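Protein chains: 2
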Amino acid sequence: MADFNVRYEEYRSYFENELNSFCNDIKTNPEILGESMKYSLLLGGKRVRPVLMYAVGDAVGVDRETLTPYAIALEMIHTYSLIHDDLPEMDNDDFRRGKPSNHKKFGQANAVLAGDGLLNTAFSVLFGECYKGRDYVSAAKLICDCAGIYGMIAGQSADILHEHDANPTVETLDYIYDNKTAKLITAAICVPSVLVGGKQYSRFKKLGEKIGYLFQLTDDILDAEGSFISLGKSVGKDEKEDKLTAVKLYGLQECKLFADMCESECNMLIDGIDGEVQFLHEFVTFVKNRHN
Amino acid sequence: MADFNVRYEEYRSYFENELNSFCNDIKTNPEILGESMKYSLLLGGKRVRPVLMYAVGDAVGVDRETLTPYAIALEMIHTYSLIHDDLPEMDNDDFRRGKPSNHKKFGQANAVLAGDGLLNTAFSVLFGECYKGRDYVSAAKLICDCAGIYGMIAGQSADILHEHDANPTVETLDYIYDNKTAKLITAAICVPSVLVGGKQYSRFKKLGEKIGYLFQLTDDILDAEGSFISLGKSVGKDEKEDKLTAVKLYGLQECKLFADMCESECNMLIDGIDGEVQFLHEFVTFVKNRHN
Chain A
0 MADFNVRYEE YRSYFENELN SFCNDIKTNP EILGESMKYS LLLGGKRVRP VLMYAVGDAV
60 GVDRETLTPY AIALEMIHTY SLIHDDLPEM DNDDFRRGKP SNHKKFGQAN AVLAGDGLLN
120 TAFSVLFGEC YKGRDYVSAA KLICDCAGIY GMIAGQSADI LHEHDANPTV ETLDYIYDNK
180 TAKLITAAIC VPSVLVGGKQ YSRFKKLGEK IGYLFQLTDD ILDAEGSFIS LGKSVGKDEK
240 EDKLTAVKLY GLQECKLFAD MCESECNMLI DGIDGEVQFL HEFVTFVKNR HN
Chain B
0 MADFNVRYEE YRSYFENELN SFCNDIKTNP EILGESMKYS LLLGGKRVRP VLMYAVGDAV
60 GVDRETLTPY AIALEMIHTY SLIHDDLPEM DNDDFRRGKP SNHKKFGQAN AVLAGDGLLN
120 TAFSVLFGEC YKGRDYVSAA KLICDCAGIY GMIAGQSADI LHEHDANPTV ETLDYIYDNK
180 TAKLITAAIC VPSVLVGGKQ YSRFKKLGEK IGYLFQLTDD ILDAEGSFIS LGKSVGKDEK
240 EDKLTAVKLY GLQECKLFAD MCESECNMLI DGIDGEVQFL HEFVTFVKNR HN
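First to last, the sequence lines map onto chains A and B.
Position 263 (the first sequence) corresponds to 262 in numbering that gives the first Met the number 0; numbering is contiguous.
Position 116 (the second sequence) corresponds to 115 in numbering that gives the first Met the number 0; numbering is contiguous.
No lab work stands behind these hints, which were simulated from the structure alone.
Treat each hint with caution, since some may be false.
Just so you know, same-sequence chains aren't split out, so a pair can sit in one copy or run between any two.
No more than 25 Å apart at the CA atoms, straight line, and that leaves these computed lysine-lysine pairs for DSS-like [to be verified]:
(1) Lys239 <-> Lys255
(2) Lys239 <-> Lys131
(3) Lys131 <-> Lys198
(4) Lys26 <-> Lys204
(5) Lys26 <-> Lys205
(6) Lys255 <-> Lys131
(7) Lys103 <-> Lys45
(8) Lys37 <-> Lys104
(9) Lys37 <-> Lys26
In this text the structure is predicted, and so the values were computed from the model without any measurement.
From just these sequences and the hints, can you work out the full model?
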C-alpha cells in the first residue's frame with residue numbers, strides 16, 4: 000500500500016491547495032459568514048470524494064484542472080450537509096474532526112447560514128462550468144440531483160424519520176445508505192465519466208453505489224467500535240440515539256462480513272473498468288480498513 | 000388600477016397553475032420531505048417575484064413559457080429563505096401568511112431539510128435550462144449569485160449580526176436592504192433582460208435595486224403599523240427584537256417620505272425603459288401602498 004498512500008496524499012494535497020486558494024477568494028461582508036464556511040470546509044478530513052474523482056479522472060482521461068471545480072463544489076455540498084446535520088435539531092453533534100462543530104463555534108443561526116452559503120456557492124461554481132458545453136452541464140446537474148430531494152436530502156430525511164423505528168427493515172436501511180451517503184460518492188465517481196460523454200457510465204454508477212454503501216457500513220462499525228481520538232467526533236451515538244444502522248439491524252459481526260462481501264463486489268466492478276485501476280482497488284481496501 | 004389588478008391576477012394565477020403542476024410532480028420518499036416543501040411553497044402570497052419577471056418579460060419580449068422555470072426556481076429560493084429565517088435560532092417566527100411556520104408544522108429538523116430541499120431543487124430546475132445556451136446559463140447563474148453569499152445570504156448574515164446594534168449606520172441598513180431583499184427582486188427583473196442578450200440590463204438592475212429597497216421599506220413600515228390579520232405574521236417584532244430597520248433608524252414619518260422618494264426614482268427609471276411599461280409604474284405604486 001506504500002504506492003497507494005503516496006498517490007492518495009498526492010491527490011489530497013493537490014485538492015487541498017486548490018481548495019485553499021478558492022477559499023482565499025471568499026471575502027464576505029459580514030466576515031463571519033465566510034469565516035464560518037471556511038472553518039468547516041478547511042477542517043481537513045480525508046477528502047474522499049475529490050480523491051475518488053481525480054482517480055477516476057486518471058482512469059478515463061480527464062485532467063485535474065477540469066475536475067477541480069466539480070471536486071470543490073462536491074466538497075462544499077458534503078460540508079454543508081455535515082454542518083446542518085450537526086445542528087441540535089438534527090443529530091446534535093458538538094464535535095467534528097476533533098474540533099467544535101460549526102454551531103458550537105459560531106452559533107446556530109450562523110451555522111444555518113454557513114450551510115446555506117456553502118450549498119449556494121457550490122452551485123455558483125458549477126454554473127460557471129456550464130458555459131463549456133452539454134457534458135459540463137450534465138456533470139453539474141448530476142451533482143445537483145445526487146445532493147437533492149431524490150438523493151442525499153431524501154436520505155437525511157429518512158434517517159431522521161426512522162430514529163426509534165421499532166420495526167426496521169433491510170429496505171429502509173438500504174434506502175438511507177444509498178441516499179444519505181452513496182449518492183454523493185456516486186457523483187464523485189461519475190463526473191469524470193460524464194465529462195467524456197458517459198464512458199462506462201453504468202459501471203461507474205454501480206461502483207459508486209457499492210463504495211458508498213461500504214463507506215457507510217464502516218462508518219457505523221466505527222461508531223460502535225471506534226474512539227473519539229481516532230474519529231474526532233462523538234462515538235456510540237448511533238446506539239444512544241437509537242438510530243437505524245446496520246449494526247443495530249444485523250449486529251457487529253454480520254456487518255463485518257457484509258463489508259468483506261461489499262469489498263469483493265467493488266473489486267469485481269473495478270476489474271471490468273477499461274483503464275488503470277490499481278488505485279481504485281486499493282481505495283476500496285482503504286475504505287474498508289480505515290480507522291477514521 | 001382596475002386594469003392593473005386584472006393583469007396582476009392574470010400573471011399570478013398563471014404562475015400559481017404552473018407551480019401547482021410542478022409541485023404535483025414532486026414525490027419524495029419520505030413523503031414528509033416533499034410535503035413540508037410544498038406546504039410553504041403553496042401557502043400563497045403575492046408572488047411578487049414571478050409577477051415582476053413575467054411583466055418585464057412582456058416589456059422586453061420573452062414569453063412566459065421560457066420564464067416559468069426561472070420564476071419557479073426563484074420562488075423556491077425565496078421560500079427556502081423564509082423557512083430558514085423563521086427557525087427559532089434565526090427570527091423565531093411561529094406564523095407565516097397566517098399559518099403555522101414550517102418548523103411549527105413539521106418540526107425543526109424537517110424545516111431545515113425542507114429549506115435545503117427547496118434550494119437544491121431550484122438549482123436542479125435551473126441546470127435543466129442550461130442546455131439551451133449561454134444566455135440561459137447566465138440567467139441561471141444570476142439567480143444563483145443574487146441568492147448567495149454576496150447577495151441574499153450576506154444580507155441575512157448582516158441582519159443577524161446587527162440585531163441590538165447600538166450604533167446603527169445608514170450604510171449598514173442599506174447593505175441589509177440591498178442584499179436581504181433587493182437582490183432576489185433584482186434577479187426577477189433582470190432574468191428576462193439576460194435572456195434577450197442583456198437588453199437595457201443596467202437600467203433593469205437599478206430598477207430592481209430600487210423596487211427591492213422600497214419593498215423592504217414598506218415591510219418595515221407594515222411591521223410597525225400593520226395588524227396580524229392583514230399580514231398573516233407577527234407584527235411589532237422588529238422593535239421587540241431590536242432589529243435594525245429603517246423605522247428604528249429614521250422614524251416612521253421619515254420612512255414614509257423615503258418611500259415616496261423611492262417611488263419617484265423607480266418611476267423615472269421605468270420611464271427610460273423601451274417597451275410597454277404602464278404595468279411596471281402601477282406595480283411600484285402597488286408595492287408602496289400595499290397592506291400586506
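Going through the hints against the structure:
1. Lys239 <-> Lys255: within (21 Å within a copy, 56 Å between copies)
2. Lys239 <-> Lys131: Classified as neither: same-chain Cα gap 49 Å, cross-chain 50 Å, threshold 25 Å.
3. Lys131 <-> Lys198: both (19 Å within a copy, 23 Å between copies)
4. Lys26 <-> Lys204: between (36 Å within a copy, 23 Å between copies)
5. Lys26 <-> Lys205: between (39 Å within a copy, 24 Å between copies)
6. Lys255 <-> Lys131: neither (44 Å within a copy, 48 Å between copies)
7. Lys103 <-> Lys45: within (22 Å within a copy, 38 Å between copies)
8. Lys37 <-> Lys104: Classified as within: same-chain Cα gap 12 Å, cross-chain 33 Å, threshold 25 Å.
9. Lys37 <-> Lys26: Cα proximity of Lys37 and Lys26: one copy only (10 Å, versus 34 Å across).
Checked against the numbered hints given earlier, the structure breaks hints 2, 6 and satisfies all the rest.
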